[in-house]
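Q: Using the hints, put the two chains back together into the complex; each one sits in its own frame.
What follows is the residue order along each chain.
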Amino acid sequence: MIIFYNKTTGKIVGTIDGRIHREEHLKMWVGNKEETDRIIVNWKKVGNEFEPDHKQKDLFIELDKKQSDIYKYRVDLKTKELS
Amino acid sequence: MTRKIVIAKTGYNALTETDSDNLAYSSAYNTLKYYVSGSLTINVNVGSSTSYSYTNSVNHNLSLFPFHIIYVKYSTNWEMIGTNYSTGIWPTTYIYRKFEGWVTKTKLYVKVRGNTGTDVTDTYSTDFRYKIFKNNLNL
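Those protein sequences? They're chains Y and L, same order as listed.
Everything in the first sequence is counted per the numbering used here, starting at 4 for the first residue and increasing by one.
Everything in the second sequence is counted per the numbering used here, starting at 19 for the first residue and increasing by one.
One chain only, chain L, in its complex shape (with noise of 0.2 Å):
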């Protein structure tokens, strides 16, 4: 029989409890393995008429793609990277933002990229945060 360490949610067995669903841990299971968070921040401030691109970069130095996070913050609400908004009407008040985030080998990098229309500027700040597991994503 192969050991195991089980942990059962509150009210089941962890003895004899064989769905994965109702257990806290087990180390019948691959998990996560936390390695560092923190954040990065992007400032923009662009004239009209403008497309544009700016990035950031923490180096983590695995040697490996790394499973990772990233959260943006726009307004007040934290959401996944990958969000784009846009506003005005084209082609004088138009303003359009994305945020990305990928990982390398070496680095986790953010970016924010837009445009802006005849008649409007784009000025503002983003903070991103991530975290990084050293779970290699083998790609």
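This is chain Y alone, in the form it adopts within the complex (with noise of 0.2 Å):
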């Protein structure tokens, strides 16, 4: 999952889904590049298993179920994580 988020506020303005993304996928953007910033989700391969390479592996496992839960969530401007 690609997350974009308002620079200023944290606020998600926009998502692409996925686990495992592409060059064509990470040239996309969603609203204004002066505006927002991204914050790129890689699964990486875990034994036989893939999970999400983020500090908030658990969080994103479940986002990857329902990704319109998206917006129950802000980005920290200092952490970079959602909260």
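None of these hints come from the bench; they were simulated from the model.
Glycine included, each C-beta is placed from N, C-alpha and C at the ideal position.
Watch out, some of these pointers could steer you wrong.
To be verified - Partial pick of chain L residues on the chain Y-facing surface, computed with a CB cut under 7 Å: (1) S55; (2) G56; (3) S57; (4) T59; (5) N77; (6) N79; (7) L82; (8) E118.
As the list claims (entries may be wrong) - Chain L residues, not near chain Y, derived (Cβ > 10 Å throughout): (9) T28; (10) L41; (11) A42; (12) N63; (13) F83; (14) F85; (15) K91; (16) S93; (17) E97; (18) G100; (19) I113; (20) D145.
A: So, in structure tokens, the structure goes:
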């Protein structure tokens, strides 16, 4: 999942779904680059399973099941984590 | 004889079935090529007697008008784009909201627009879900 958020407020403005993002996804952008930034959460292989390569992996596993819940969160501008 | 891949629905013979409604897949027909999905949101906070319009967008960089689907969440329902709502009494407590979406050769856009009456304000957040396919609409 790629999460786009407002650089000033931390409010999430859009997402791109997926676990492993190709170059064509990485070229995509939501909104205006001067106003929004992004967090890229790729999944990595651990043993025989894949899991989010992120400190908040449990949260991203839940969001992977129901992407529309992303708007219950906002981005902490200091830690770049969802809160 | 042209070779093709056919998967029949349960109860039908893929080797002999000719009715496409009874096939789960046939390479004889074009299919949608799924490209990407995601979400967009727009926040509205407007005063009384206001006509407004806000957009949000994601660039797809496909250089074509892609087949796409956009849903909008209104209350607890997910509905097709293009729906509109009104409530209250004109010109005092009237509130109008409309949700739109479209594509260009480079971007997918969503938009909310509406207006408010003289005695009412409007504050809400609208979530959109989009899917873009790599099928050219040839527009």
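Q: Now, for every hint given, state plainly whether the structure supports it.
A: Verification of the hints:
no. : hint : verdict
1   : S55  : holds (5 Å)
2   : G56  : holds (4 Å)
3   : S57  : holds (5 Å)
4   : T59  : holds (6 Å)
5   : N77  : holds (6 Å)
6   : N79  : holds (5 Å)
7   : L82  : violated (13 Å)
8   : E118 : violated (16 Å)
9   : T28  : holds (28 Å)
10  : L41  : holds (28 Å)
11  : A42  : holds (24 Å)
12  : N63  : holds (12 Å)
13  : F83  : holds (17 Å)
14  : F85  : holds (17 Å)
15  : K91  : violated (7 Å)
16  : S93  : holds (13 Å)
17  : E97  : holds (13 Å)
18  : G100 : holds (19 Å)
19  : I113 : holds (22 Å)
20  : D145 : violated (6 Å)
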